[in-house]
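Asker: Sequence:
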Amino acid sequence: GGAPADGFTQVQHSAPMLSLANAFNRDDLENWLRRTKALVDDAEFDLVCELKIDGLAVNLTYENGVFVRGATRGDGTVGEDVTRNLRTIKTIPLSLLKGAPDRLEVRGEVYLPIPEFRRMNEELAAKGEQLYMNPRNTGAGSVRNLNPKVTASRNMAIWVYSLTGAGGPPPVEGHWEALDWLKSLGFRINPHNRICSTIEEVIDFYDHWVEARHDLPYEADGVVVKVSSLALQDALGVVGREPRWAVAYKFPAEQAVTRLLEIGINVGRTGSLNPYAVLEPVVVSGVTVRNASLHNEEDIHRKDIRVGDLVTIERAGDVIPHVLGPVLSERPKGAKKYKMPAKCPVCRTAIVKPDDEAMHRCPNTSCPAQFFELLKHFVSKGAADIDGLGERWCQVLIDQGIVTDLADLYTLTKDQLLQLDRMGDKLATRIMANIEASKQKPLPRLLFALGIIHVGSEVAELLTQAYNSIDEIAAATEEELAEIPGIGPKIAASIATYFQAAASKTVIEKLRAAGVTLKQEPRQVSAVGLPLTGRTFVVTGTLSGFSRSESESRIKALGAKVTSSVTRNTDYLVVGESPGSKLAAAERLGTAILDETAFAELLANPPVEADN
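The opening residue of the sequence shown carries number 272 in our numbering; numbering runs sequentially from there.
Note that these hints are calculated values from the structure, not bench results.
Just to be clear, a hint being listed does not mean it is correct.
Using C-beta positions, here's what the derived DEER-type ranges look like [unchecked claim]:
no., residue 1, residue 2, range
1, Ser-835, Leu-368, 53 to 59 Å
2, Asn-408, Val-778, 32 to 38 Å
3, Gly-511, Arg-663, 44 to 50 Å
EDC-like, lysine to aspartate or glutamate: derived pairs with alpha carbons at most 20 Å apart [stated by the list, open to error]:
no., residue 1, residue 2
4, Lys-761, Asp-627
5, Lys-624, Glu-568
6, Lys-647, Glu-568
7, Lys-827, Asp-866
8, Lys-308, Glu-872
9, Lys-790, Asp-742
10, Lys-521, Glu-471
11, Lys-624, Glu-707
12, Lys-574, Glu-601
13, Lys-685, Asp-670
14, Lys-361, Glu-376
By construction, the Cβ of each residue, glycine as well, lies at the ideal position given by its N, Cα and C atoms.
Based on the sequences and whatever the hints tell you, model everything.
Answerer: Below, the structure written as structure tokens:
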């Protein structure tokens with residue numbers, strides 16, 4: 272995934288390439304199945320189980336039986352045109368067998384076989400060169416290489432896993448039958464796929480492959496479980512970027528035991544002091560691990576982790592490895608409990624620990640380590656996206672005093688860049704162009720890029736649903752911010768603190784002077800005239816037929832507002848299983864209470880006109 276890269280033509284997907292919700296245990300899987308059945312009135316349906324290949328998802332388009340375009344997922348809506356590279360993969364048919372429709376789109380996972388990965392690393396080792404880390408990243412890099420000869424040299428392969436479009440109604444009624452049909456056209460379909468009629472059969476399939484996956488010639492990190500009926504898939508639909516009709520049942524994370532050599536400290540962009548384990552190198556899931564997360568001091572003490580211990584580490588997929596705990600029977604004599612440093616290891620400012628946080632923080636907003644991490648964050652892909660300004664150049668710009676706050680990026684000149692050691696004209700031109708382009712990023716991206724504590728990309732989106740400019744957000748009170756669904760008092764306090772700081776005000780004014788867009792066009796969607804306009808809802812407890820985000824989205828779609836606490840202004844409290852104290856508050860205030868059945872009925876048959 273990820274945003275489309277420079278160097279490739281962008282391709283708009285005819286249908287979004289979705290992500291899958293995860294199930295990590297049997298309870299998660301059963302809850303998914305129960306919710307799914309509730310949404311289709313407990314209809315019976317078969318489930319298709321497929322190995323979840325750890326590779327790169329691609330969309331393949333055929334016209335008159337001929338392969339014409341291949342694209343990566345990209346951000347799910349827009350991907351990269353990698354047709355030339357995919358043509359070199361021998362298991363992708365360039366022309367289909369008899370019976371193909373005029374237009375056909377399929378999706379599959381391109382991967383680097385493990386034997387091929389090992390062969391490549393053996394060649395590198397013989398030359399004394401650095402080895403590739405793992406098949407997934409190496410395979411993805413092979414497909415996204417600008418030179419198709421690189422892809423061709425790496426003997427990659429594909430498993431096709433879905434029919435996206437056949438130029439009209441699908442010629443089959445189920446996903447299982449669709450896979451059979453695609454196989455008849457010449458596509459490579461995984462022979463291990465299985466159709467199941469009960470959850471026990473799904474569990475049996477999963478349990479078998481938890482052990483047998485190590486015998487596969489490719490990496491698999493779970494089992495994808497799909498409702499087979501295409502009609503039910505359509506009826507179930509999508510929530511956010513996830514289909515309701517499929518789930519990824521993930522394999523357990525892999526573990527290893529190694530020696531903890533020391534505990535280091537990273538200073539984050541918000542001043543957090545993040546301890547990490549320095550380890551004797553050990554291979555986990557095909558990756559050599561030298562460092563692992565230790566979260567915070569409380570976690571270290573709770574697990575009783577000490578320098579010199581043999582420790583168990585765990586790594587799941589692309590998640591940063593973390594330390595599970597020590598092997599106490601192997602603890603060396605004299606191992607001492609860990610204590611956080613009293614001063615920031617970079618700027619030597621006395622550290623603080625807020626009462627409501629597990630993290631220790633460096634309070635010095637001018638701390639060089641904080642600003643380095645903040646600058647890296649600001650220029651990153653999901654933020655201002657200033658491609659070319661990588662970690663190294665961020666450090667150089669700070670060290671030479673050229674960039675002292677985020678807004679200084681916008682006063683950079685090409686001549687300044689060219690004076691930097693090993694900066695070429697081509698890279699300088701690219702950086703300047705990307706800095707200019709970043710001035711027009713959407714408001715949520717800018718908010719996220721600023722690095723406000725507790726403001727990730729989702730919170731930034733919530734803020735821009737309520738306000739249309741940086742100035743409006745800066746002028747909002749803590750109480751007003753806390754009323755935004757999904758924000759709450761803690762995040763509101765952090766936002767208010769940021770915009771009240773003199774340094775923040777200076778940066779905002781410098782950004783404005785540089786021409787950075789600090790506002791957006793007012794949202795076109797209006798609640799006026801919608802059935803529940805003016806109503807306020809609160810949701811408590813667990814709903815069997817809706818996730819929390821889905822229930823809130825459905826409420827908002829009808830014009831109502833969702834808040835986090837019950838007040839005299841609350842019109843409805845929606846109550847699921849195990850409700851909290853909000854139910855008592857609603858009963859005390861006389862708020863209308865809806866159980867899940869009544870809530871579903873209200874959504875299905877809302878009042879014709881809001882009674883305002």
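Asker: Against each hint, give a clear statement of whether it holds in the structure.
Answerer: Consistency of the hints with the structure:
1. Checking the proposed 53 to 59 Å range against Ser-835 and Leu-368 shows it holds: the Cβ atoms sit about 57 Å from each other.
2. For Asn-408 and Val-778, the hinted distance range of 32 to 38 Å is satisfied, since their beta carbons lie about 35 Å from each other.
3. In this structure the supplied range 44 to 50 Å is violated for Gly-511 paired with Arg-663, their Cβ-Cβ distance being about 36 Å.
4. Distance restraint check for Lys-761 and Asp-627: the Cα-Cα separation of roughly 9 Å lies within the 20 Å cut-off, and the hinted pair is therefore satisfied.
5. Proposed proximity of Lys-624 and Glu-568 is supported: the alpha carbons are some 11 Å apart, at most 20 Å.
6. Pair hint Lys-647 plus Glu-568 does not hold up; C-alpha atoms about 25 Å apart against a cutoff of 20 Å.
7. A distance of roughly 18 Å separates the Cα atoms of Lys-827 and Asp-866; the hinted pair therefore holds under the 20 Å criterion.
8. Proximity of Lys-308 to Glu-872 is assessed by CA-CA distance (about 17 Å); at most 20 Å being required, the pair is judged to hold.
9. In summary, the hint linking Lys-790 to Asp-742 is supported, as the alpha carbons are separated by about 8 Å, within the 20 Å threshold.
10. A C-alpha spacing of about 16 Å is found between Lys-521 and Glu-471, which places the hinted pair at or below 20 Å, so the restraint holds.
11. Proximity of Lys-624 to Glu-707 is assessed by CA-CA distance (about 39 Å); at most 20 Å being required, the pair is judged violated.
12. Between Lys-574 and Glu-601 the CA atoms are separated by roughly 15 Å; this keeps the pair inside 20 Å, and the hint holds.
13. Distance restraint check for Lys-685 and Asp-670: the Cα-Cα separation of roughly 18 Å lies within the 20 Å cut-off, and the hinted pair is therefore satisfied.
14. Proximity of Lys-361 to Glu-376 is assessed by CA-CA distance (about 18 Å); at most 20 Å being required, the pair is judged to hold.
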